[in-house]
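With the hints as your guide, set chain B onto chain A.
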Amino acid sequence: MATKVHMEALSPTMEEGRLVKWNKHEGDPVKSGDTLAEVETDKAVMELVARSDGQLLKVLVPEGTTVPVGNIVAWIGKPGEKVDGAGAGSGEPGAAPASKPAPAPARAPAPAPPAATPAPSSRLPAPEPADASRVKASPLAKRIAKDAGVDLKLVQGSGPGGRVIKRDVEAGATQTRAAAPAPSSRLPAPGVPYEDIPLTQIRKTIAKRLAASIGPIPHFFLTTEIDMERAAEAREALNKQLGETGGKISFNDIVIKAVALALVQHRACNAWFQEDHIRYWNEVHIGMAVAIEDGLITPVIRNADMKSLRQIGEESRELAGRARTRRLKPEEYTGATFSVSNLGMFDIDQFTAVINPPEAGIVAIGSIVAKAVPDGDRVVVRRRLRVTMSCDHRVIDGATGAAYLKTLKQMLENPLAMLL
Amino acid sequence: MANSFDVIVLGGGPAGYVCAIRCAQLGLATAVIEQEKLGGVCVNIGCIPTKALLHSAYIANLLKESKDFGVEAGDVKTDYGVAMKRSRRVADQNSKGVEFLMKKNKITVVKGSGVLQPGKKVKVGSDVYEAKKAVVIATGSRVKGIPQIGLEINKTTVISSDEALLMEKIPATLAIVGAGAVGMEFADIFSAFGVKVTVIEALPRILPLEDAEASDTLSKSYRKRGIEVIAGAKVTKATVAKDKVTLDVEAGGEKKQIVAAAVLMAAGRAVNIENIGLKECGIQLTERGFIKVDKNLQTSTAGYYAIGDVAGPPMLAHKGSREGVVVAELIAGQKPHPIKYDNVPSVTYCHPEVASIGLTEDQCKEKKLDYVAGKFPFSANGRARGTGETEGFVKILRDKKYGEILGAHIVGAHASEMIHELAVARENEYTVEEVDLAIHAHPTMSEAVAEAALDSQGRVLNI
Chain A
0 MATKVHMEAL
10 SPTMEEGRLV
20 KWNKHEGDPV
30 KSGDTLAEVE
40 TDKAVMELVA
50 RSDGQLLKVL
60 VPEGTTVPVG
70 NIVAWIGKPG
80 EKVDGAGAGS
90 GEPGAAPASK
100 PAPAPARAPA
110 PAPPAATPAP
120 SSRLPAPEPA
130 DASRVKASPL
140 AKRIAKDAGV
150 DLKLVQGSGP
160 GGRVIKRDVE
170 AGATQTRAAA
180 PAPSSRLPAP
190 GVPYEDIPLT
200 QIRKTIAKRL
210 AASIGPIPHF
220 FLTTEIDMER
230 AAEAREALNK
240 QLGETGGKIS
250 FNDIVIKAVA
260 LALVQHRACN
270 AWFQEDHIRY
280 WNEVHIGMAV
290 AIEDGLITPV
300 IRNADMKSLR
310 QIGEESRELA
320 GRARTRRLKP
330 EEYTGATFSV
340 SNLGMFDIDQ
350 FTAVINPPEA
360 GIVAIGSIVA
370 KAVPDGDRVV
380 VRRRLRVTMS
390 CDHRVIDGAT
400 GAAYLKTLKQ
410 MLENPLAMLL
Chain B
0 MANSFDVIVL
10 GGGPAGYVCA
20 IRCAQLGLAT
30 AVIEQEKLGG
40 VCVNIGCIPT
50 KALLHSAYIA
60 NLLKESKDFG
70 VEAGDVKTDY
80 GVAMKRSRRV
90 ADQNSKGVEF
100 LMKKNKITVV
110 KGSGVLQPGK
120 KVKVGSDVYE
130 AKKAVVIATG
140 SRVKGIPQIG
150 LEINKTTVIS
160 SDEALLMEKI
170 PATLAIVGAG
180 AVGMEFADIF
190 SAFGVKVTVI
200 EALPRILPLE
210 DAEASDTLSK
220 SYRKRGIEVI
230 AGAKVTKATV
240 AKDKVTLDVE
250 AGGEKKQIVA
260 AAVLMAAGRA
270 VNIENIGLKE
280 CGIQLTERGF
290 IKVDKNLQTS
300 TAGYYAIGDV
310 AGPPMLAHKG
320 SREGVVVAEL
330 IAGQKPHPIK
340 YDNVPSVTYC
350 HPEVASIGLT
360 EDQCKEKKLD
370 YVAGKFPFSA
380 NGRARGTGET
390 EGFVKILRDK
400 KYGEILGAHI
410 VGAHASEMIH
420 ELAVARENEY
430 TVEEVDLAIH
440 AHPTMSEAVA
450 EAALDSQGRV
460 LNI
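Quick note, the sequences are listed as chains A and B, same order. Using numbering that gives the first Met the number 0, read the first sequence as starting at 0 and increasing by one per residue. Using numbering that gives the first Met the number 0, read the second sequence as starting at 0 and increasing by one per residue.
Everything labelled a hint here was simulated from the structure, so no lab data went into it. Fair warning: there could be bad hints in the mix.
Said to hold, decoys possible - Each computed SDA-like pair below joins lysine to any residue, with the alpha-carbon atoms no more than 25 Å apart:
no.	chain 1	residue 1	chain 2	residue 2
1	A	145	B	432
2	A	145	A	169
3	B	50	B	154
4	B	400	A	162
5	A	77	B	432
6	B	339	A	138
7	B	105	A	51
8	A	135	B	335
9	B	105	A	52
10	B	105	A	31
11	B	110	B	155
12	B	243	B	324
13	A	408	A	226
Unchecked claim - Just a sample of chain B residues kept apart from chain A, beta carbon distances all over 12 Å, derived:
no.	residue
14	122
15	313
16	360
17	365
18	398
19	445
Every residue gets a Cβ at the ideal spot worked out from N, C-alpha and C, and that includes glycine.
The shape of chain A in the complex, shown without the other chains:
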């Protein structure tokens, strides 16, 4: 009897594998242990080996195709033996590719149909219609989903054959809350450094399509102008208070503190994109871009939301100093959850910064410029700052980024708010 060749989990975390190259072709004799194909996992390119002897009767997925673990990719058997499954690469349900090598032209980023979920069942069901609205879910999961208002189509199933079970819905419910552009979703109590939320099918689709449109990270940019008059006054007063005792507070320190505190209120922006999930950080670590002789490096001010302006000032000067002499330890320039790039000292009014992956956002700080601005029916001169936020659209949607920027603006325009 012919035996199936499945996509195997070649790394402990592998969910799907891309068939890079078939080393054996239809009709080739194969022995158990022979390398059938090369498969790219989430970690590396690995070998998929034969588990039985015979002839490679049928190859079901073409090279370049990504296949969920557990799906059938080929058949091995005796020459001439008949096997299930249509021609290579067609809509054979057991081997339905997760993504075709060339993405199909623009369809709305609809959730992937259930056919894309792994189907290790030996008897192959009739092909499901492409827009199958039926979701495989346990009765208990259905009830909880209904009650919690979770759309089962958006939940990644972890049960047999991709069936949605109770824990998936419970995770899905959390995710809906966490991923929503809700400025109210503040950081939870300390203790857990971060929370991993698996990507839903819709989030995966958004990620793939947007990434394909502009480079690996689909950037978009939001700019706002902030009145820095009160921040400047506060800074002057603080520095007067500090007198000769220690280092001065810079605008950069105030910006870093405000950026960090605003992230506490907008967890959705304090995140890493991690290919199959989004890591929402419960801690705020701000990367601070520093120009060095032949490039730039981003030392990290850890837990910046919890540090005083003075601490931030001292730390950033110390880190920047060592960055320029290239004496930073690796742990001092890795692990940021969000970044700030400041070109204000170069008289740049406004610019866009490139995101430092896997972070999902960066704010670009321009110069503080005195401008004539209307104030009621008269015109006054105020110190103004233009801030541009670059967002990774796979994580942050427009409204989410805008809400964050609004909080940042409020904090800088009314620095006392930072004490709240």
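Just chain B now, kept in the frame of chain A:
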């Protein structure tokens, strides 16, 4: 190389031999190392022979009542020696069956005691066997005495299940220390063969892991049959003489002495972790003395896995077998369905049988879950009335909000067979409604399961 395999399994019990078969099915060259008979404690001196003896006990009890059914069998005589020999044949048949399965799957069986060595090697005598992919530790467990109070197993007056299963002659009186599954099953067996049995349990009730209502029902049934059951009892001292044992027991503030011709120790098991080279391979233990494993059942040393009793509770054959399958699939690079340790059925094969899955009612209360208990007694079940097996009930604990089956408890004839309907339901996350929606044949004892599901929704039909 003749001594090189993909996988080496240390121990041929229900965890080890099943793991080996699954490995072989997945194309892995596999060897099993076993120092005694294949099948382990389960097949040879555990699950299987006790079930044979329990059936002898069942027949003895049935014949005593058969007159009511219009069948007179005359004087019922029992002979434990004959029952024992039959149980040995059954056990041997099963062990031979395992041998056959090893051959059928082309698994190499090495006779002897294996000692693990670093580098995925196992030494048996002077031979060293090498595993290319993994070594699986499945050395199981053994009975243990309580030497601290003078109850060290001496195999004559202080015995374990090992001796009880091989006795030709039975004692006139027997005290059983420990009222878990093993203690309750032997109490059932020996009582049916005319032994005056006293069961002593340290915890407040017999079958302490089962639902309190199950314990109560079984206590009553045992007492009715003349088996003395003392729970919440502490054995403070044991005096072992040549032909009797005197136990000083404290229960409920009262002190009493129990004198029996023999004492059967059924208070827990010790895992076999000694002299198998764990330390040399850097394999760590848990605080409770089991082998420490991660969620993939891999030990603290990569390439060494542990399954079955040595890998931690519940110490049940079917839990070990499933771990064997999962580990084999992991080693072969598959992604097996993860084991739900909260969905392992637990069965005591005494009469009436006790079977359960999931949480007990007390556990639901402790976890402050919002639940409803649905219950149906076999006294209201037509089939049970017909066979005269009206003892017991089905109880289903339903989550109030979503109808999830939090736990299920069956006491009654064939409870061990009926529990699986609820195991399937729970594994697939069916709620009480799906259990009822499946049409149950009439008349069957299983109808009580559907009725309990209905009762949990306040719409029981036949009571």
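Results for each hint:
| no. | hint | result |
| --- | --- | --- |
| 1 | A/145 - B/432 | holds (16 Å) |
| 2 | A/145 - A/169 | holds (12 Å) |
| 3 | B/50 - B/154 | holds (22 Å) |
| 4 | B/400 - A/162 | holds (22 Å) |
| 5 | A/77 - B/432 | violated (48 Å) |
| 6 | B/339 - A/138 | holds (18 Å) |
| 7 | B/105 - A/51 | holds (15 Å) |
| 8 | A/135 - B/335 | holds (19 Å) |
| 9 | B/105 - A/52 | holds (16 Å) |
| 10 | B/105 - A/31 | holds (16 Å) |
| 11 | B/110 - B/155 | violated (29 Å) |
| 12 | B/243 - B/324 | violated (46 Å) |
| 13 | A/408 - A/226 | holds (8 Å) |
| 14 | 122 | holds (27 Å) |
| 15 | 313 | holds (22 Å) |
| 16 | 360 | holds (20 Å) |
| 17 | 365 | holds (21 Å) |
| 18 | 398 | violated (9 Å) |
| 19 | 445 | holds (20 Å) |
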